[in-house]
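> Please put together the full structure from these sequences, using the hints given.
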Amino acid sequence: MNKTSGFTMLEVLVSILIVGVGMLAIAGMQGRTLKTVREAETQAVAAMLAGEVADAMRANASATINASGSVTEDWSNYVETSYSDHSSAPITLCAAASATACTSAQMAAYDLYQFKSSLASAFVDSNRSSVRAIVCRDSTASSTINFDDSKLGGCTGGSKLMIRVAWKAAMEKNANAALGSNAANRAASATSSTRVYGYVLQFEP
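In this text, residue positions in the sequence shown follow numbering that gives the first Met the number 0: the first is 0, and each later residue adds one.
Calculated directly from the structure, the hints in this document are not laboratory data.
Among the hints, erroneous ones may be present.
Just the calculated beta-carbon pair ranges, DEER-fashion [to be verified]:
1. 16 <-> 148: 50 to 60 Å
2. 16 <-> 42: 33 to 43 Å
3. 103 <-> 47: 17 to 27 Å
Bear in mind the structure is a predicted one, so any value in this text is a computation, not a measurement.
For glycine and all other residues, C-beta sits at the position ideal for the given N, C-alpha and C.
Take a look at the structure:
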């Protein structure tokens, strides 16, 4: 009788252990699923706001007419040299002024300020230091996103205008080691629990 009771108790303990491990696995899967959903939502927000500023750029081209009467459109008023450009409200708030009160350059400054303010407000648990954006010239939209302000967000120069958004998000504990096999990547991952994500939109007139 005692042996039977003891064996039954062992079965119960094993069952509890199996159920506990299963619950932990389910909780882990739910956590990863929620993280994936949040990342997808963040990408969607970045894409939407980048699209909005692209529309504003199309509506505010600087036009020049040459001697033959040909019109050339230019968007150089939107080109930035730093993530921090247009992070503060411009002197002229064009939304509160008449259309004739703002120059093309003033409207561009206001558009970019609105873009960056909307990003800062839309990103959950975010602020201006963890989400950044820049409009810059690049040769390709596939350039690596860079969070370093001194590297123009990853823009390398070129004829194409790119709207680049970068943000930092927490990584899973075991994700750091998977970033790369070289010593530099391992050293960087050991001191950081965040990863830089990005979205790039190539501006088309």
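> Taking the hints in turn, state whether each one holds.
Hint by hint, here is what the structure shows:
Between residue 16 and residue 148 the Cβ separation comes to about 51 Å, which falls inside the hinted range of 50 to 60 Å. Distance hint check: the CB atoms of residue 16 and residue 42 are about 39 Å apart, consistent with the given range 33 to 43 Å. About 24 Å separates the C-beta atoms of residue 103 and residue 47, a value consistent with the hinted range of 17 to 27 Å.
Against the hints set out earlier in the document, no violation occurs for any number.
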